[in-house]
Structures are given as C-alpha cells and as structure tokens.
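Asks: What follows is each chain in one-letter form.
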Amino acid sequence: MSSSSSKRHSILPPISQSGPKPPVQFSSSITIADSALLTGSNPILISSESVIHPRARLDSLSGRITIGRRCIIHERSTLGAVGTSGRITDKAVALGDYVTVEVGASIEAGDTVIGDGTTIGVGAKVGAGAVVGRNCTITARSEIKAGEVVEDNVVVYSNGMRRVDRRGVAELRNKGQARQIGVLRMMIPSNPAKFQ
Amino acid sequence: MSRRPPRGEYIETDTGNKVARKANLVGTQNIMLGGKTVIQPEAMIRGDLARSIHPSSSSSGAAPGSNTAVAIGRYCFLSRGCCLRPPGRLYKGAFTYTALRVGDHVFIGPGSVIQAASIGSHVHIGANVVIGELAIIKEYVKILDGTVVPANMVIPSFSIVAGQPARVIGELPEGGHEAFELRELYKTVGNNPQPAPS
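As you go down the protein sequences, you meet chains X and L in turn. Under our numbering, read the first sequence as residues 322 to 517, first letter to last. Under our numbering, read the second sequence as residues 2 to 199, first letter to last.
Source of the hints: derived by calculation from the structure; they are not laboratory data. Just so you know, these numbers come straight off a predicted model, no measurement behind them.
Here are the simulated distance ranges between beta carbons:
#1 X:Ser-362 / L:Glu-172: 52 to 60 Å
#2 L:Val-155 / X:Ser-369: 32 to 40 Å
#3 L:Ile-161 / X:Asp-486: 28 to 36 Å
#4 X:Lys-496 / L:Glu-13: 43 to 51 Å
#5 X:Lys-515 / L:Arg-90: 25 to 33 Å
#6 X:Glu-464 / L:Asn-153: 17 to 25 Å
Ideal placement from N, C-alpha and C gives every residue a C-beta, glycine not left out.
Based on the provided sequences and hints, a complete structural model is requested.
Replies: Take a look at the structure:
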C-alpha cells in the first residue's frame, strides 16, 4: 500500500539533460515519453506512430538517427551508443519500419542498419556498421559484432547460433505491433514539445 | 517549509518498505508492495503498463486501486539496476498488458529484466538474468547469473535453472529453503543499515 499513494511524486528523480539538445524531426503522430533522453548534435528523425518509452536514450553525437514507422523503443535501450565499436559517421543508426528495440538493448553508432520488422531483444547489443536484415529476431543478450551482416528472417540465439525463421508470421507480427502501439499511445503520456 | 534535516538514501515506509530515492518507479499508483521490500537505486518498475482490457466479469467500472500492474510480496529484494515490467500479449485480437505478480522472499539480482507473469515465493534470481514475457516461475527456484528464460516458459518448483536459453540443470535439495529467507538481507540496507551477521 505504501508507495501507491498518488501524492508521492518524489520517487521519480529528475532526468539530467546533459549535453547539447539535438535538432529533431518528429512526425505528429509519435508517442515520446517525457523522460526519454535525446542528446547529441546531429538530427534525430522519428517517423509516424513510433513509440519511445521513458528512459530510452537516443544519442546522435556520432551521426544522424533515423527511426522508421511504428517502431517501439523500450526503456533503457540506447540508440547511437559509442560503446566499444561506435564511430562517427554521417548516418549513425537507421531503423526500418516496425522495429522493436527491447529493454536495455544497445545499438552502436556507425552506419548501423536494422531492417523492417526486426526485433532486438532484451539487453542485446548490435555493433557499429552491422547490417541486420528484415524480420530478424535478435534474442535476449545476443551480440551482433561490429560490421556483421545478418540476412533476412534470421533468428540469432544462444550466444550467436543462427537459424532461419520459416514461419512466415511477419505480417501478423506487424499487425500485433500496431495493436501494441495503439495501447501504448493511451498509456504513455507523450510530450514531443519538450524536445523540439 | 520545514524538512527533516537528514535525508537518507532510502524512503522507509510504515510497512517497512525501503525504496531508494534514486529508483525509477513509473506509474506508482499501480505498484503494490507487500511490506519489508527493498528497492535499490536505479531499479525500475513500469507500473504505468497496466491492464487495458478488463475481464467482462468485473465490467462495472473497475475501482482505481484495483488495476495493479506489479504486485510484490513481503521481504523481496530488488537489486540495483533491475527492471520489472508487466508482460504484454494479444488476447482475443486486442493487445493488453497483464499483471506481474511476485511472491515473498524473492531476490532479484542486479541488472536483471523481469517480464514474467508470476514468480512464486522463495525464488532467487541472479545478476543480469532476462525473464521472458509471460514466463511462470513456481516456488523455490534458483536462477543462476546470465540466464535467459524464454517467453512462456514454466519453471517447476525446486529447480536450478541456467543457460541461454534457460534449461533446468539441477534440483534443489528439499528442506534447504532456509537459505532463501531474506530477513537478514533486509536489515543490511536502508538509512541505518546493520552489519550482516557473519
């Protein structure tokens, strides 16, 4: 019962907005949480109906970040991280449409491309310059090394094992994603004005 | 406005919960703590992802307090940097989040991400563990460090689980559940912590 009191606002500490405020280009239909972190000096583009959860971190210091339509970026994930392999390029990270980046995943900067319909699992890491195809699943805590290429419909699991997903459920997955976004739009208070 | 001078690292509630001021609790009105629970700094609980579809049996306008997203029992210990979030799924063609229920004496290691449907009592979850969506963990389970429990997995009682993806690698001896009690650990954190008994 204790912390359920609606009066106790002190529990969420303020976010320290460090570094420069990046130039942003948002579609009007996106949902971005107030406590998302956008830093860097290069443009951040977010296309229609994408959702950015609280405490997701988009860092455009080493290049432009592009997020496609109907993507979900979960909390604590980092796009454009410098990490171990990140480097400065024109396009740091480009996500296709219907991409899901789950909790704590990290996509490093440096011409990294994630194809349409791909899911990056919890705590997974995608190195700089990696190219992940369409409808891939990078399972939790997997690592894609810098410059690696992952073909379409591949599932990466269990420390780098790979198999091809032949279920052909991409269309259904996209539909599910659209439903999920519909729910998230009601739940996450959006505040795009803060970043503009 | 007078503020009591020493502001400890933790907020200690009447029911004995110790919540770090630096914990990220989102949607606190949907988080239920059973008491004597420790939430360390940088732990995150997503209470805002509450159920959006209500079972038709209780359609008569659910009371505001009843929409619990995360329910935690007594003597739980959420270590630094862990993240608890309710699992989501498609139910009858519509997407909804469902509640995450955690029993008593559950230890959650640092950096772990929990998206289970339910976790029983006396469960030890190590560091950097990922529990997939809608997994069910029964009573008396030990999950070793770095385990990835896939979505929808059901882990039976008295199991030791490890691996990526998780497998049951052993059995806990019966009668050894004293080791899961977290009362002593509870005393060692807070604003005036006591040293752990050696």
